[in-house]
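Turn these sequences into a full structure, and let the hints steer you where they fit.
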Amino acid sequence: MLAYLARRLLVMIPTLVAISAIVFFIIQLPPGDYLSTMVEELLAQGEKPDGDRIRMLREQFGLDRTPIEQYLHWAGGLLVGDLGWSFEYNLPVSQVVGERLVMSFLLAFAATLFTYIVAFPIGIYSAVRQYSVGDYALTFVGFIGLATPSFLIALVVMHFSNVWFGAPVGGLYDPAYAEQPLSWAKFVSVLGHIWIPIVVIGLSSTAEMIRQLRANLLDELQRPYVVTGRAKGLTEGRLLFRYPLRMALNPFIADIGSILPKLISGSAIVGVVLSLPTNGPMLLRALQSHDMYLAGSFLMIEAVLVVVGMLISDIALALLDPRIRLGAGSEK
Amino acid sequence: MPDGDLLRVEDVAIEFRVHDTLVRAVDGVSFRVRPGSTVAIVGESGSGKSVISQSILGILPKTARIAQGRLLFADPRAGETQVDIAQLDPRGEAMRRLRAAGISIVFQEPMTSLSPLHTVGDQVGEALALHETLTPAERTERVEDMLARVGFPDPVRAMRTYPFELSGGLRQRAVIAMALICRPALVIADEPTTALDVTIQAQILKLLQDLQQSLGMAVLLITHDLGVVANMAEEVVVMYRGRVMESGTRDDLLRRPQHPYLKALLRAVPRFDMKPDERLTPLREIKPETGHLLAEQAPWTPEADAAGPLLAVEGLTRSFVTRKGGFFAAKTENRVLAVDDVGFELQRGECLGLVGESGCGKTTVSKMILRALAPDSGKVLFNDRGTIRDVHAMGPEDLFAFRRRIQFIFQDPYASLNPRMTVYDLIAEPLVIHSIGDEAYRREMVAELMKLVGLDARWTNRYPHSFSGGQRQRIGIARALALKPDLLLCDEPVSALDVSIQAQILNLLKDLKQQLGLTYLFVSHNLAVVDYIADRIAVMCRGRLVEIAPRAQLFKRPVHPYTRALLAAVPDPDPDRRLDLGALMEGRASKPEAWPMPFRLDGTAPAGLVDLGDGHRVRARQGASIDQILGRSAA
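Quick note, the sequences are listed as chains A and B, same order. Number 32 in my numbering belongs to position 32 of the first sequence; there are no gaps in the numbering. Take the position in the second sequence, starting the count at 1, then add 1000; the result is the number in my numbering.
Mixed in with the good hints, there may be bad ones.
[To be verified] Pairwise CB distance ranges (calculated): (1) A:222 <-> B:1438: 24 to 34 Å; (2) B:1065 <-> A:218: 20 to 30 Å; (3) B:1425 <-> A:17: 44 to 54 Å; (4) A:218 <-> B:1017: 43 to 53 Å; (5) B:1284 <-> A:132: 40 to 50 Å; (6) B:1094 <-> A:224: 22 to 32 Å; (7) B:1441 <-> A:224: 45 to 55 Å; (8) B:1137 <-> A:132: 43 to 53 Å; (9) A:320 <-> B:1593: 50 to 60 Å; (10) A:185 <-> B:1160: 48 to 58 Å; (11) B:1627 <-> A:2: 33 to 43 Å; (12) A:2 <-> B:1421: 48 to 58 Å; (13) B:1160 <-> A:165: 54 to 64 Å.
Hints were generated in silico from the structure; no laboratory data involved. Yeah, the Cβ is synthetic: ideal placement off N, Cα and C, and Gly gets one too.
Right, dumping it as structure tokens:
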């Protein structure tokens, strides 16, 4: 177990190095850099940029050096926990990202929880009562959830909550708390606002998960070991939870790896529509304005979460499934 | 109960709802089971025998219901008061209490009927926890005791193992332990040995008999195998298309069958004591007709035959690397010798049977002959009308041409035909691949091939799903013959088919061999089938050829202990030739290190095939004399 963990952790190092190089390369791909974008914006506004100042900034930001030097500088900083400097905010990246990261985590965690709490009972019901009226009704709602883009749902919800409650629902908290540090009052305000993005973001993945769980469970319910359990005299409820549901869980555990990165960049468009103070909109803006260290750091945090998420789901799978733990050769 | 019956099935009919119509799967079936006795229900697939067993436990599929009749069970735990299972709610408390404790079931597939995520101890003990109030320690004790009874060498360890860590035989023992743990009065065994090798099957049958005697339960055996019936049952119920054809005691039924169906069934089973020219009589015989296209085969010249045997396999060896060890443990590479120094020759026009249990390497050998798999060492030599070619040394063009000479018939007639192609496309595909003939030629050839395997040539536009298993297998045979090959590799071609269909296909293969001058390599685990079709038989065990001999010689004078065990384990439908269950080697027969001298292979001495004359060769340790091998002086 320990040897396996150590090996997996060691493999993560070259993976992350490779990812960081690719991330940096891709950010550099569009022509120009932060300053040239800024100069263009100034020119477009009819102002004349100060050539000396630009030159000075270029030197200060290190944009005059070769890309390789820039990469080494950035990657070297990452190693000691320095995420670099955001040109646009004129602040260290870690300070820019800080609170948004907390909000993103909170939102994503709540949305995931929402998804599981809603999807599991419905999925189980749909599978066990296949082709019943309830199954059809829930399937119908599920398909609507799947087919509607979440930003559209966000707009609809915003419109109606404005009409019915008369309150703007954008953001995660009351605008009054915008510049304040996290406090109890702010947290309460967050609770009042957060349910809309939770429902909007959670809805599409809920529909997806209902379909997936229903399909998995329908497969498992036909297996001979279910009949074996029934032939032992198990009640239908215990039978369901003990055997087929347990078997149907595996894909969801394997999914943990892809849930974590969503914490960072997931639902960027919904974030823009609802003007949420989360990472998604900021990442989008950073990529548009060539704020390369900010964008790069976002992507690196995401990469770390992917790799860690995979590790967690592998370990969880092994703990739950003896076939993986004990290395079953055949599954006849 | 007035007459002391444990279970009485009275005039039961079961209906399935299929696309808004009702289909009667079982109609007017009646039989009884006395306490402690064994009753067998025999029938081919679709006869409704499994449906009956499911109805007794109340585990029918959702689409099925009991339309009429009574299923009376006199539970000894409840003072033998009768319950009508047909009236019970299948999800109700009363039905649940009956399961496992009153009536339990052993399923066919031990792997899929056990959960892979729960330990053996957990699954076996579950029924005990449901039906009896015991402390955990008492429960563990009962489970361990039962695991020991069904033959687990180390019950304490078995408690913690998972089903996939066990061999097929041990898995089925675990399933039996699960069924018996609550000491039910009736055990339903639904094809309990069909998924197992013959030697394992014999062990499991013996185990069931022993346990039945010591625990005093009744067994309702569901099977298609008349050999198993002859060895196990006291009373027999023969079913066909949902109805009982005939029932009575075993001796009456098997010795003096009355109903035409049972008579026909008995004539369709290959037996060991058949006369050399005796033919099986299937329910429907196929008369193969050859047309002019198939007959247009360039004849072999004497010079071509003189060049050598059609196929010679020399010292084929192949090992596989399995990565064993756990997910968390470092992986250790494990080399398994799947095929070890296998060599034999196949003369043109003969049929060589290759026999062995699952995992003995027989399929690996046939794949290497086809060059679907490369050997680690060894040669496959093929006589291409006078020129001897090494199959594994051919270039791409030669190989492509060579593909026309050898064709393959698969085991599973369902998986081996593409469901999206019509029969015409399926049979014509080899011709298209090898660019043989024009459209008109192909049409005529396909029509001729259809007639050859006894199918109506007008059916060429149908898709495989509209054909039965036996008909699909014939389509597979027609496809294999489209290129007019010299050699056919038949990999268990009849093991997925019912007995009556099996006889039909075997006869067809025999006739085709005669009419088209074909040569067969017939791979099978079923000795009786091989005995019927093969001229010579090669027996494989653990990747090695242990004995090869002409058919009659092998059955009259088997020399190798493994061959003997294999022969002893085949159940015969003749009630006078019961299995000597005591004489089985308790599973040691397939362990080369446990064979008696001079056959033992434990790595201390090299071994090879020793010629006993008349083409009879047997694997023994080097230096062993023929007397030793035949056991003349050792005794």
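Hints violated by the structure (listed by number, smallest first): 1, 4, 9 and 11
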